[in-house]
Every structure is written in structure tokens, then in C-alpha cells.
Amino acid sequence: MDSNQNNSRGQSANLSSNPLYYQFGSDNPLLSMGMQQPFHPFTSPFGASSSTNIPQMDWNPGTMLDNLSFIEEKIRQVKDVIRTMVDNGGQLTYRPGELGQQQQAVNADLTCLIVQLISTAGSLLPSLKNSSFLSHPPAGHMEMANHVGSSSSMVPNTAAHSEDNNEDLCSPEDYEELFKGFADGAVEDTEIENVLVEEQDTKDGDEGGDAGMDGDNLPPGSYELLQLERDEILAPHTHFCSICGKGFKRDANLRMHMRGHGDEYKSPAALAKPPRDASAEHAPVKRYSCPFIGCKRNKLHKNFQPLKTILCVKNHYKRSHCEKSHTCSRCHTKKFSVMADLKTHEKHCGRDKWLCSCGTSFSRKDKLFAHVALFQGHTPALPSDEPKDSSDQVGLPGSHQEPAKLASSVGSFMWGNSSGDDSALDVKGLDSCSDDFLSTANFGSFNFSFGQLDEFVYAVPSRSIEAGSGMPATASEHEASLTDWSIC
Amino acid sequence: MKRSPPLPAQHVRGGNIVISTPPLLGRSHQESMAMTSHRQPKRRRFSPAPASPPLDLLADELLFLVLDRVAAADPRALKSFALASRACHAAESRHRRVLRPLRAELLPAALARYPSATSLDLSLCARVTDAALSAVSAASPSNLRAVDLSRSSGFGAAGLAALSKASPDLVDLDLSNGVDLGDVAAAEVGRVRRLQRLSLSRCKPLTDMGLGCVAVGCPDLRELSLKWCLGLTDLGLKLLAHKCKKLRTLDLSYVMISKNSFPAIMKLPNLEVLTLVGCTGIDDDALGSLEKDCNKTLQVLDISHCQNATEAGVSSIVKSIPNLSELNLSYCCPITPSMVSSFHRIPNLQILKLEGCKFMADGLKSIGRSCGSVRELSLSKCSGVTDAELSFVVSRLNNLLKLDITCCRNITDVSIASITSSCTSLTSLRMESCAHVSSEGLRLIGKHCCHLEELDLTDNDLDDEGLKAIARCSKLSSLKVGICLKISDEGLTHIGKACPELRDIDLYRCGGISDDGVTQLAQGCTKLESINLSYCTDITDRSLMALSKCAKLNTLEIRGCPRVSSCGIAEVAMGCRLLSKLDIKKCFEINDVGMLYISQFSHSLRQINLSYCSVTDIGLLSLSSICGLQNMTIIHLAGITPNGLIAALMVCGGLTKVKLNAAFKSMMPPHMLRNVEARGCVFQWINKPYKVELEPCDVWKQQSRDVLVR
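These protein sequence lines map, in sequence, to chains A and B.
Sequential numbering of the first sequence, starting at 108, is according to our numbering.
Sequential numbering of the second sequence, starting at 1156, is according to our numbering.
The hints are simulated quantities; they were obtained by calculation from the structure and are not laboratory data.
The structure presented is a predicted model; accordingly, all values stated were derived computationally and were not measured.
Keep in mind that a hint or two might mislead.
[To be verified] Which chain A residues stay away from chain B? Per the calculated CB distances, all over 12 Å, these: (1) I189; (2) S226; (3) H364; (4) K431; (5) L462; (6) R471; (7) F476.
[Unchecked claim] In silico BS3-like links for lysine-lysine, alpha-carbon gap of 30 Å or less: (8) K1602(B) / K472(A); (9) K474(A) / K1508(B); (10) K1414(B) / K472(A); (11) K1320(B) / K460(A); (12) K1382(B) / K460(A); (13) K1536(B) / K472(A); (14) K1414(B) / K460(A); (15) K474(A) / K1382(B); (16) K1359(B) / K474(A); (17) K472(A) / K1359(B); (18) K1602(B) / K474(A); (19) K460(A) / K1359(B); (20) K472(A) / K1320(B); (21) K1447(B) / K474(A).
All residues carry an ideal CB built from backbone N, CA and C; glycine is no exception.
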């Protein structure tokens, strides 16, 4: 896989003329801060940032023309790629992996074209149930993703197969099917979209941990190495409002904030998570270097070990090269530079009920016994004043539950808010969505769902059925991720 | 040390003042008792001192030798000795090593009087408070080496802390049955660095933390009992095995030990005795977990009642303990030939206990093949024991000394014939309820096994001829022939004439016995210590009069002998001064007079059953003056009133267990009951129907058979 990606870099470069490519490449909002120069020139003709693209309620020939010229341009690109494939096909110089990469790219482009065609045509057909179709892009995402996903997963096997799939996709029955599905889509789908977003958030949070650092040891040179500067790493906010300039730690919070700037930001599409790495597999793997000279995570170190994600960089830099400014409010001894570490510690601080006579405390009995077994003369120590201790313990969790409670209330509030807004947005979401739907930015989200396809498709019915029971669980997950993140 | 001066009048009146001087040494204590047993005036207490000045001049060593011999003959004589003179008193104070007080409150005085006492046995004190224990530390630097608190309650960590501080040289500590003792108490025990023997049986609140304290604090531990410490887990046991390498004897019965800590325990370098009764965590995995490791020191392994062990586990553990001499697999797993054949790896196996086991085909036979060195074999309550297999086994085990075939109901005379012909050196044979063995078969026992010391023929077809044959066993010390309806006075006469060593005889429900037989027995067996004549309905006071000559008698059970009266009891009380256990249930004739005699003379009495007697409040109150009395059963006594009962209970401070009519519970003031309970007494409220009639022995036997069959 690694070598495949490595080799496909040259191939990907061919596609760099494709505006989509860079669009996807800059998916990571954290990264966008440091990479703004390459980002701008390649904005798609439709205005990638949905926030600036004001929806149009009526049919606009100008827009239509733009659309069509974009489609034309796109087709030309795909044709070029296919041509090169045909030229090289006889020589059999491509390894299967590269071929697959190319086919996938072609497939993505074709899918994009199809979607654009559909939507362009859809805007001309008032008899179609646009409202239900377009106001629920998530359903469309899913269905499309389903098809595209299945084809793309097949692609590495045969090139012809992908074309078959595309033909299938273009057949009229399919469209009808699609529209039917959209019409039936209804409210659950918006909820599902939310669920999806939450899941993504959670995932982000998980990935942010240190575990990501040493996940896979890529050989040097097989990845793109980035180094953020100290100020960037320590910046409190990474997402800024383009209107008022307010900063946020999370793009979700920014999106929530944006709603206050006008109705156009309230559409489900505007509130949806921005597209994620459409062609993650084409993009070179990114690794990060710590800016601290002499650190093992710095690229100049002879045993350099790169950091895997931005969050790793932030946590690593704070833990290793910053002052530990957060002191535990319970024991007043333990200090942390990362707030999440403090919270984790505070959860257990004072609960180390397994004491040794030497004063060391352990959170687990077996640890204590291993310690006692190791050292001569150390004895398990019993808590001396049990009543006092217990009252202490009663008091402490109380004081510590407050933040947790707060967080949970915030979490549930957020949850309720977002879902409520979505349903409220249904009515006028029609055209804002249609535009957003067509934007290349959103197309990325189809691609994103490739990976999650299976669980997503199957999760849909069950979630909608047991919404009552399913929701709180998700809400709590969400809360967990939220608290973790907001600290960083 | 039963009582420190001033002396109660009783003792003087009793006249058991003995002046033990060197010239008296040659004479038996009995004689000296007789010589001084007449009533003496009080002033004579100190008169012997000037008469025998040499006593003062004797060196302590010599005096101690004298005292050792006196104590060996009769411990009570020491008290008399101490009362003879100031010098004797002082010498006795210096001599005594073991203190067994009746009241914990007297501990300070006792320790002050006996400064050289090394062993403190508090088993007679039902309640020992922390304050009483801290009195030990208040006393001068104590030499205590052993403290027994196994029967006491009421103390806690504070008392143990005081004890450990005062007696740093403590070596032996028994805290069994401390159901309230937990980790804090164990932590205090852990401060006694030199402890070698420790029992924490039934200290149920104990957890790994407490055990950890003990394990770290007492590295010299050699014997440790953790029976019924249900709070322990593998963690604590592992630590114990890691820290106490000197452990030799370890009792982990009913502890939740599993395969995680079992190997660590088995690897203890000095372990000799390991008891794992009822450990459900000891399964085949655990037993097989030390396949390669070998414990060369282990000699005794008891895995009885380990339900999860099977033949595979036993076979594999046997490989790891080559020097085993005793193996107990009772109620453990079915005995198969393949398992038994693995016993050839333990060539020194001497004792094999297989109680309640199920024998698979040829399982028993293979014992004969693989365990030639076995000297003691227990097959009691086993199923699948047949004549053919048992005969084969005993023919191979020629060295067999002890055999237990209790309730092996399928065996017949064939087995008995082969046992008696092969194992002529048997010293112990237990064969209760072998119903298919005939009286002819039982005669063989006496004819061939002359070395028997212990014989249990309860519920067998024994007759006088059989008893006559048994009389050839001149070393017989314990004979149980209860529920043998055919025996009569004639057989007993043979025993009485030929078995002078007999100490314990059980004649429970031997309906054919009368006074003549008991008289003959009592005359011949003067060393008799325990006799059970329950439901021998023909027994009268004459038998008791004869038994009163057996001075060592300490247990007398004459339950359901309606013809016995207070006169007989009075004779026994005066003659058998060591009487400690008396059961006179359903001896309807016995009344307050008998109780007055008992309270007067039987100061060793510990346990009495008075149910259905004609005793009233007066008798009960006089009984309560016996300070050592611990156990009373008072059910269906017509003459007892709640007031009398409560008075007796309040007076009798050493009670630990009292069985009473449930009807009394509501009649007695609850605060009084609570007071008695606070002293360490447990009440058991019995609600049995009143039943006076005594069915004849044969009817009873038939009835119990019917119950068994059903």
C-alpha cells in the first residue's frame, strides 16, 4: 500500500490540473492555515466554499452555461487520462496498483460529471420533485456513494468493469430509482447525516491521540513531510470566521457560529461537515516534524520519527517542549501541559486507594502487589482514617463532576440544536442545497463515504427505528469527543 | 491459675490440699489425695510450712522437677501445692508456663503472678476485650510466646496492637474464628516479626491487603492457616508465596485459590503440608500447571472436596510431588485405574484417604498394585467397593496398620476373612454399618488381629462370642460397639477382664447391657476416660457407682437411662473429679440433689445436657457456680422458670453456648439476654416437640433403617 502510494505520486501529479484534486488535498482545515497559497488559485468555477456561493432560487442561464463549460472541461481532462492509459496499455508497464489508482481517478471524475449533469438537468425540470430531492442531499450522498463505492471497490480488478458500472449508473431506471429514494428519504435521513457527522468528529478525536504517532512506520521519503511553526502549533484557534474574524477550535463550532451571519449558512449543506479527502489514497501520505531542534520528532534528528497527525504535533509539542501549566486541583502536585491529560488524571486522582507503606499509591491492586513483592520491607498500607477518607471521596467526585455535567449538558444542547435546526431548515433548504450539492467540495463527501459505506448503509434503518434509544448513546459519544476536543 | 487468692471456702472444704515434698514423690498422687482428703481446719493451710523447711531450701530446678511430675499426674494438684506454703506458692508461680484463665478480666493478676508463663490460652474466655489484651502490655515485660484466641471474640485490632507491642517475641498466635477480624487486625499481626505459627481461619473480612501485611511482616512464618478466608485472591497468595519462603504448613481450605497462584504456592521451598479442602478453583488446569516443576519437600496434600479436580488433574499433580506420604482425595473425584496407577510415582505414600469416593471398575484393585507402601487406607462411605477388589487390595497391602471401611455396605465375610488373614498387624479397624458381615465374620477380627488399638464395630451383627474374641486385643484403647443389639453382660465381662488399656467405650443403644456388665467393665478398665451408655435402659445407679471408681472418667453419656437417679450422679461426681462432659438427657429421676453434688465436686465440668430432667431453678443455680461451664442444653425442664434461668445465666460467666426452649425467648427480658450475649454466649432456640417415651433399641434400629432406605 505504502509503495503504491509512493509510486502513484507521479501519476497524481498528472491530475494536478484537476481542480478537484487540490480541493481535496486541502481538506484538513488545520492544515489549510499553513497551505493557503497553493489552495486559492484552484478554486472550482462553482465557488468551492459553499459559504460564499449564494443559492439561486430561479433558473439562471448563466449558471447553466458555467456548469456546462465546467462539464466540458472535465470531460476533456478525463479523455486525456484515458488516452494516456490507452497509449501505455500495450506496454504493460503499469503495475496493477498504479492502474487501479488511475482507474479510481477516472472513476471519480466520471462520477462527478454524472452528478453535475443530473443536477443541471434537474434545475431545468420543474415537474421533478426537486424539493424533496435537493433539500436532502445527504440521502443523495448516500445513494450515490453506494453506487460509486461499489464500483470503485471493484476497479482494481478490471478497467472495463468500472465503465460498465458507469453505464449502469447512467441508465434511466437508475435515475428513477434514485429519485424515488430521495422522495422517500424524509426526515430520518437528515438525522442520519448528523449521526454521520458526529461519527466523523469522534473519529477525528480518536485519531488525534498519541496512538497515531507510531501507527505505521513509513520509510523516510515515502511521505510528505510538513513542519508547523511554534506559533501555529500553539495557536488557540484554527478556524476563523470569514466575516467577523472570530476564532474557533473546531470547524463544527465555526459552522454553528456562521448561522448567525445569515440564513444561507443555515442550510444542511452549509452545516454539513466539509468534504474530506476525496482522493485520500492518491494524496501523498503526510507526516509532521516537530519544530524543536534536537527533538527526536524533529526532522534533523538522526533517529527521526515523524508525527502522524496535526493533533499529535500539538500534543507532542505541548507535552515535550512547553511548560506544564495545568496543575491538578486535587493533589496540587501533578502538572500537565495538555489539558486533556489533566482531565484524565483528575478523573483518577485521589482514587488510588491501593497504598504502599512507602507512600506510593496505585490505581490497581495488582500493581501494588507487584510493587510490594519487588521491594524488601514494603507493606500494603491500609487507609488510616476510613471515615475521613470516605467523606473526602464523597466530596471530591462532587466537585469534579461539575465540569463533566457541564460538558454533558453542552453536548446534549449541541446535539438537540443541530438536529432541530436541520428539520427547521428543511423548508427553505431547497436551492441552497442544490448549489451546494453540485459544488465540487460536496462531491468530496461522496468519496469520503466510500470507506464507511457498509456500516452506513446498514446502520440507516436501525438508527431510524430506534432513534429513541440510539440517540442518547450517540449524544454521549459526541459529548465525549466534544470535551476532548474543546480542551485542545 | 484458675483462681487467685483469696481462696473460696469450697477448696478448703474439699480438702484437696496436697503437700508435695520430695519424700512423697514415690507415692502416687492418688495416695496423697486420699491421705489429705479428710476435712481439715482452715488454719492448717500454712501449718505445713514450718513442718517442712527443706522445701524452701530446694533449688528451683529440683522443685520444678517435682512440679512437672505432679502436673503430669493431675493438673489440679498444682493448685494444692501452691497453697501449701509461701515457698510452694512462689515456686509454683515461677514454674507454670501455661496460663488458661477462665476470665479475661483476671489476666493482669494472672500475668503478675506467673511471670514466666510463655503460653496464654484464652480458649475458655468467650469474650476477651481489647482492654484485657492491653493488660498484657501493662504487665511486666512478658515472655509470652504463644497466645490462643481461637475461641474468643470481642477483641479487635487495638487489642492485637497492644499484644504485638507487649510481646515482640510472640511465635505462636491463633486467631481462628475471629469472624470480625479484618485487614486492620492482620496489619497488627504483621508487626510481630518473629511469628512462626499463625492461624487466621474464618477471619472472613480478611483480604489480600491484610494477608500482604502478614506476609511482609512475618517472614519467619512456618505454619499458616487461612481456612475460610473467603476474601483472599491469587494476588495475596502469590505475595505470600513470594515473601514467606519458610512456610512448611499451609492451610488454604475453602480459599479462592486458582491456577494463577497455585504454582507459586507449590514452589515454596520448604512446604511440607498443603491443605486445599473445598477449593473450587483447584481444577485440572491448576493441578496440571506445574508439570515440569517438582516439589521435593511436600509430604501431605489434601485436596478433598475439590469438586473440579478430576483424574487427569490428580494424575498430573502426582508427577510433581515425588516425596508425598499422605494424600487425601476424599469426595474429590471418581477413582479410576489409570489415576491410581500414576501413584507409582509417589513410592513413599503411607496414608491414602479416599472417603466418599466412587470407585470405577478395577480402581480399588490398582491401589493394591500401585500403592504397596500404604499403611493407612480410608475407604469410608465409598461406593463400588466389592469383596473381590477389597480382598485383592488387602492381600497386597501387608503393612496396613489402619483401615477404614465404614459404610462399605456391599462387603461380606469374604472381605473380613481376607482382611484378618492378610493384615494381622492392624492397629485400627473402622467398619461401622457393614450390614452384610455376619457375627461369624466378626469373630475373625478378634482371632487374628491382636494388635488392634482402635475398633469401631458400630451397627454390626456383633455378639458375645465376637466380643470374647475381641478381648484378645489386650492393647485395645477405643472400642465402639454401639447399636450392637446382640451383646450382653457376658461379652462385656470378657472385655473388662482382658482390656486394661481401654479408655473409650461406646455402648450406645446396646439394649442387652445391664449393671453387671458395666460393673465388670469398670472394675477391669480403670483407665476408662469416656463411656457412652445412652439408651441402655437397664442401667441403674449401680453402674454409676462402679464407674465412679474410674477416676479418669471425663465423659459420661447416659442419655435415656430412666432408672438412673441423683444418687448415682452424686457418686460419679465425687469419684470422677475430672468429669468435663455429662449428658443426662431423659434421665427423668435426676433432680436438684444430683446437681448440687456436681456443682460441689465437678469443677472441670465444661458441658452438660439437662433436658427432660427433674432439675429446677435451684439445681440450675448451683450448677452455674461451676466457673468453667461453657455449654448447657436446657430443654423441656418442667421445673425451670424464666427467672431462675436468667439468674443462672447471669451468674455463669463462662458460657459460650446455651440451648434453650424457644418458648423461653419471649419470657426472658431481652436486655438480660443481650447482656449474656455480650459476654460471648450464643443462644440456640430449640423448638422440638416434647417426647418422653423411649422406644426399645431394636424398634429404634428398625426405624432408622427404614429412614435410611427411604
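Hint-by-hint comparison with the structure:
{"no.": "1", "hint": "I189", "result": "65 Å, holds"}
{"no.": "2", "hint": "S226", "result": "65 Å, holds"}
{"no.": "3", "hint": "H364", "result": "53 Å, holds"}
{"no.": "4", "hint": "K431", "result": "33 Å, holds"}
{"no.": "5", "hint": "L462", "result": "9 Å, violated"}
{"no.": "6", "hint": "R471", "result": "10 Å, violated"}
{"no.": "7", "hint": "F476", "result": "5 Å, violated"}
{"no.": "8", "hint": "K1602(B) / K472(A)", "result": "65 Å, violated"}
{"no.": "9", "hint": "K474(A) / K1508(B)", "result": "41 Å, violated"}
{"no.": "10", "hint": "K1414(B) / K472(A)", "result": "19 Å, holds"}
{"no.": "11", "hint": "K1320(B) / K460(A)", "result": "27 Å, holds"}
{"no.": "12", "hint": "K1382(B) / K460(A)", "result": "27 Å, holds"}
{"no.": "13", "hint": "K1536(B) / K472(A)", "result": "44 Å, violated"}
{"no.": "14", "hint": "K1414(B) / K460(A)", "result": "27 Å, holds"}
{"no.": "15", "hint": "K474(A) / K1382(B)", "result": "26 Å, holds"}
{"no.": "16", "hint": "K1359(B) / K474(A)", "result": "24 Å, holds"}
{"no.": "17", "hint": "K472(A) / K1359(B)", "result": "19 Å, holds"}
{"no.": "18", "hint": "K1602(B) / K474(A)", "result": "67 Å, violated"}
{"no.": "19", "hint": "K460(A) / K1359(B)", "result": "21 Å, holds"}
{"no.": "20", "hint": "K472(A) / K1320(B)", "result": "29 Å, holds"}
{"no.": "21", "hint": "K1447(B) / K474(A)", "result": "28 Å, holds"}
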